[in-house]
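Undergrad: Sequence:
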Amino acid sequence: MAMNLSPGHRRRNHGRAPMSEINVTPFVDVMLVLLIIFMVTAPLLVTGVPVDLPESRANALEQDQEPVQISINQQGQIYLDDEEMDRDVLAMRLNEIAANQDAGDPRQIMLRGDKTLDYGLIMAVMGELNRAGLNRVSLVTTGSSESN
Numbered sequence: 000m001a002m003n004l005s006p007g008h009r010r011r012n013h014g015r016a017p018m019s020e021i022n023v024t025p026f027v028d029v030m031l032v033l034l035i036i037f038m039v040t041a042p043l044l045v046t047g048v049p050v051d052l053p054e055s056r057a058n059a060l061e062q063d064q065e066p067v068q069i070s071i072n073q074q075g076q077i078y079l080d081d082e083e084m085d086r087d088v089l090a091m092r093l094n095e096i097a098a099n100q101d102a103g104d105p106r107q108i109m110l111r112g113d114k115t116l117d118y119g120l121i122m123a124v125m126g127e128l129n130r131a132g133l134n135r136v137s138l139v140t141t142g143s144s145e146s147n
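Under numbering that gives the first Met the number 0, think of the first position of the sequence shown as 0, with each following residue one higher.
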């Protein structure tokens with residue numbers, strides 16, 4: 000039994016151009032692994048001080064620039080953005096912020112306090128804000144689904 004092969008068929012690999020297609024399967028595999036890594040790590044990258052905020056039915060505020068975050072956790076520790084500080088250092092930093100703000104567009108201050116805190120501590124921080132001249136203060140709460 001003999002096969003009839005044409006002369007062109009025998010030289011099939013020799014006269015043909017090299018394959019110019021890229022195998023994308025490894026690329027897709029790498030991209031899926033990276034996607035999974037980012038999906039797992041993204042919630043862990045949320046920075047901030049863990050504060051159990053009280054609830055409110057107020058609407059969120061619109062803002063032009065990044066506000067200054069002041070947080071007071073359950074133990075009464077005060078944080079300016081994510082940096083822990085005592086009240087004396089806080090007063091100095093607030094004076095610096097007030098000195099560097101635009102006169103026409105004052106900085107927005109977001110005050111986050113744990114709902115179990117003493118009211119006097121929140122008012123002491125608000126007093127420091129007022130003394131520094133930062134009067135655009137918003138008290139941050141969580142949204143409430145309850146209706147009265």
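By construction, these hints were calculated from the structure, which means they are not laboratory data.
Misleading hints may appear alongside valid ones.
Restricting the straight-line Cα-Cα distance to at most 20 Å, the calculated cross-link-like pairs of lysine to aspartate or glutamate (DMTMM-like) are [stated by the list, open to error]: (1) K114 <-> E65; (2) K114 <-> D87; (3) K114 <-> E20.
Restraint ranges, calculated between C-beta atoms of paired labels, are given here [said to hold, decoys possible]: (4) P25 <-> M84: 20 to 26 Å; (5) T140 <-> D101: 40 to 46 Å; (6) D101 <-> E20: 56 to 62 Å; (7) Q100 <-> E20: 56 to 62 Å; (8) E54 <-> L120: 49 to 55 Å; (9) F37 <-> G126: 28 to 34 Å; (10) N134 <-> D81: 42 to 48 Å; (11) L120 <-> L34: 28 to 34 Å; (12) S137 <-> M84: 18 to 24 Å; (13) K114 <-> A90: 32 to 38 Å; (14) N134 <-> P53: 32 to 38 Å; (15) D101 <-> V32: 32 to 38 Å.
Idealized CB from N, CA, C, for every residue including glycine.
Undergrad: Now, for every hint given, state plainly whether the structure supports it.
TA: Status of the hints after comparison with the structure:
Proposed proximity of K114 and E65 is contradicted: the alpha carbons are some 24 Å apart, above 20 Å. Restraint check: the Cα-Cα separation between K114 and D87 comes to about 23 Å, which exceeds 20 Å; the hinted pair is violated. Restraint check: the Cα-Cα separation between K114 and E20 comes to about 62 Å, which exceeds 20 Å; the hinted pair is violated. Between P25 and M84 the beta carbon distance is about 50 Å. The supplied range of 20 to 26 Å is therefore violated.
Between T140 and D101 the C-beta distance comes to about 27 Å, which lies outside the given range of 40 to 46 Å. Between D101 and E20 the beta carbon distance is about 58 Å. The supplied range of 56 to 62 Å therefore holds. Between Q100 and E20 the CB atoms are about 59 Å apart, so this pair conforms to the stated range of 56 to 62 Å. In this structure, E54 and L120 break the distance hint of 49 to 55 Å, their C-beta atoms being roughly 20 Å apart.
Between F37 and G126 the C-beta distance comes to about 43 Å, which lies outside the given range of 28 to 34 Å. For N134 and D81, the hinted distance range of 42 to 48 Å is not satisfied, since their beta carbons lie about 24 Å from each other. Distance hint check: the CB atoms of L120 and L34 are about 44 Å apart, inconsistent with the given range 28 to 34 Å. Between S137 and M84 the Cβ separation comes to about 20 Å, which falls inside the hinted range of 18 to 24 Å.
Between K114 and A90 the beta carbon distance is about 25 Å. The supplied range of 32 to 38 Å is therefore violated. For the pair N134 and P53, the beta carbons lie near 22 Å from each other, so the given range of 32 to 38 Å is not met. Against the hinted window of 32 to 38 Å, the Cβ-Cβ separation of D101 and V32 comes to about 46 Å, which falls outside the hint.
Hint compliance for this structure: hints 1, 2, 3, 4, 5, 8, 9, 10, 11, 13, 14 and 15 are broken, all remaining hints hold.
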